[in-house]
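Protein chains in written order, with the numbering used here: chain A, 13 to 324; chain B, 429 to 684; chain C, -18 to 265.
For lysine-lysine, the following DSBU-like pairs were computed, each having C-alpha atoms within a straight-line distance of at most 35 Å:
hint : chain 1 : residue 1 : chain 2 : residue 2
1    : C       : K104      : C       : K168
2    : C       : K152      : C       : K104
3    : C       : K66       : C       : K104
4    : B       : K617      : C       : K66
5    : B       : K617      : C       : K104
Residues from chain A that face chain B, not an exhaustive set, calculated with beta carbons under 8 Å:
hint : residue
6    : V71
7    : T72
8    : N90
9    : R91
10   : Y103
11   : Y105
Source of the hints: derived by calculation from the structure; they are not laboratory data. For every residue, glycine included, the Cβ atom is placed at its ideal position computed from N, Cα and C.
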Amino acid sequence: MAAISVRDLVKDFRGELSLRRRRALDGASFELGRGEVFGLLGPNGAGKSTTFKCLIGLVTPDRGRVEILGDPPGPQANRRLGFLPEQPMFYEYLSARELLDWVGRLHGLDRVERERRARELLERVGLQGAEDQRLRGYSKGMLQRVGLAQALIGWPEILILDEPMSGLDPLGRHFVRDLILELRRAGTTVLFSSHVLSDAEQLCDRVAILIRGRVRREGTMRELAPQGGRGYELSLAGPEAQRRAAELGPVVQVAAGEVQIHAADEAAVARALARALELGLAVRAIAPRRRSLEEAFLDEIRRAQQEEGAET
Amino acid sequence: MNPARIAAIAQLTFRQALRERVLYLLIGAGSLFIVASLAISLLTVGDEVKIIMDLGLASVALTGSLVALLVGAGSVALEVERRTLLVLFSKPVTRGEVVLGKFSGVLALALTNVASLALLLEAVVWWRTGAADPRLLIAIGLSAVEVVLLTAFAVLFSCFSSQMVSGIFGLGTYLIGHFADGLELLQAKVEGGAALLVRILTLVLPNLERFNVRAEVVHRLPLPDAQLALSVGYGLAYSGFILLLTILLFRRRSFA
Amino acid sequence: MSRRRSGRSVVLAAATVLLACLAFELGDRLRRRRQELAHSRLLYLPRAEALRLISFGFDSLLADLIYLWSIQYYSETDNPLRFEKIEHIFNVITDLDPHYLDVYSIGALIMTFDYHDPDLALKLLDRGIARNPQQWILPLDAGLYARMNRNDHALAARYFARAMTIPNAPKISPRLYAGSLEQAGDKRAALEMWRSIFHDADDDHVRAISRRRAEQLEVELELETLRAALSRYRADHGRLPGRLEALAPDYVAALPLDPQGQPYLYDPRSGEVSRAGGFQVARG
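Between the sequences and the hints, there should be enough to build the whole structure, so can you do that?
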């Protein structure tokens, strides 16, 4: 049984002021297996949050099916789920400990269990010492940690995170990444959404690219961004390199004091390298070029725009 | 329907409501009027206790009703506005439990209010006359039933609109509910579409005057048990209906 | 620098004091003027039906407040116009709270003693009686006003009769009734009433009073009977009889004796009848 199965979801929203309907989901489908880390990727407005709201039962889709471990969305499924919304808002007059206690009550834990679990999770997310402060005074990073803690209270089999790393400092992002990996090791299924593709690249087993309410591509990282056969990239540093790079080969990218040159095969690499050494340029790295996820992503966006253009 | 979860939500709602400033304004005003009635009663000629009881019962009823309506208006609406609802709904709670939890929390607060002011009023009457008057509790009891009904309405509105709009609708329900005689007169005087509208309003909205036995209590007129029982039954049945309606409709609501 | 600052402070202080005086003076003027305006406020007191619609269930309280205000208003003796709407005001209050007994009583009091219109007072009390049929105080009050301020004893008697029948009415009510009957001229009914009071009396004082009144009325009635008989005799025979005994059995069924069992005295020359023992009884 799939952990989560989403089939042909359609959802329209009627705007408050306008009479026109906005189609948030247009036949979205994807599936997660148990124990996977799955990334739902898409630009802003693609329908990621709406999809998640369908998963937790906040939004009822107009058409389509959702199954979570075989159950439809609702309190039954939520028992085995943990959810962290984007930019979460909690009851700010509660302390972290009180919030976790309350969530524990909703999960049906008795007092002893609740206390123990709260303490355990506060430690796990690194909030011991701050657990009795009101949430109002928490920084964004701390709120995210609390959010993860509350999502984990009920020992969920599936964790759903909406843009878990947005707005976090590097320490925070690192923490979330580590947590996800730890959870995966423990067998938890993790579904998260992001528009930051590098996160997905690092963490996900599989991804789906959601654009304008429809999943355009779904598959493993390897399927979407296969390695090999695409040449190599040389990275060079220094102002001199930037000026002379074009002599070595086609320039792929110039960023932050580094220049990247493309070389089609190993022979080209050797030639470029020789030339670089001749010119006295500093070579930083030579790596096989993978069609990055970003490219796959941009491809899909372009394709979607073309389709739309054809339609109108 | 798990009572433990309903209780958890109710407690949180209660705690949240204690932070609403309007609550303290209402309690303060209510208490002030009850205590001030002692002074005002000195100005009248004749039965001085009457004005203490009139003002006191009016304060209790009005304060209780306004707390129910205004705090209830924000009970669900604020969660939607502040997006704390997302976390709540991701938990294993049913919509019905949310509605009942919110209702219970607001009701507990409103009834606590009514009870406190009732105590204050009896204390004032004791001070004045040397004995507390148990009949006042009958009028207050019926006001409490009115509070239950108003809380149900407030939660209904709160589930489907903003705090401000819910408050306005709630106050409207209160005013129209007490305007019952006027509606009857109006029905006789208007025609066509307007008459239909008035008729619909009388059928749909409760007649809140049925919970008003203040005049009878103050003048020591007879209060047949059957009538009291009917009023209480009417109030509770109506409240149950509104709650069920709220749960049914809330189940189908999607939240963008 | 400091001189400028202290100069400014002085100006500020002076301005503050000036404004305070101005405010005080204006306030005082307003207070004096208020009395002139007060009566015009009343022109806008709506009818009770209208007020009830906007009272939203607090009619009783509204009645209290208007009553309270009216008491202050009617104690302003230097406002001669204050009685213009007195009937309307008390009607409004009693419509809002028909069971507020004090209002009827105090309203009637003001209408009678300040405004000198006892008819208006009775009108108000009638409204009260209609709505509070089980309250004895209202008909009792009305009876007293009818008797003492209107001198309408028949009316007073009707009020007292009503008060009497209400449970818990004070014990003096039947006596007031009987007294009014007498003063209205219905001696027979009064006599019956006094007899019944005597019969039901449970203390000596009441027994004594009722017996005295009953006796007095008995005597008066009997004397009247005799005088009427004498008149008829004279009409038939052209002269007065020599003795009272001559009147029986044609002009009077039997010769009455006074309550002590003594025969009545008769002076054949003047035609006067009187009671024995020198008790001079006034006519009527």
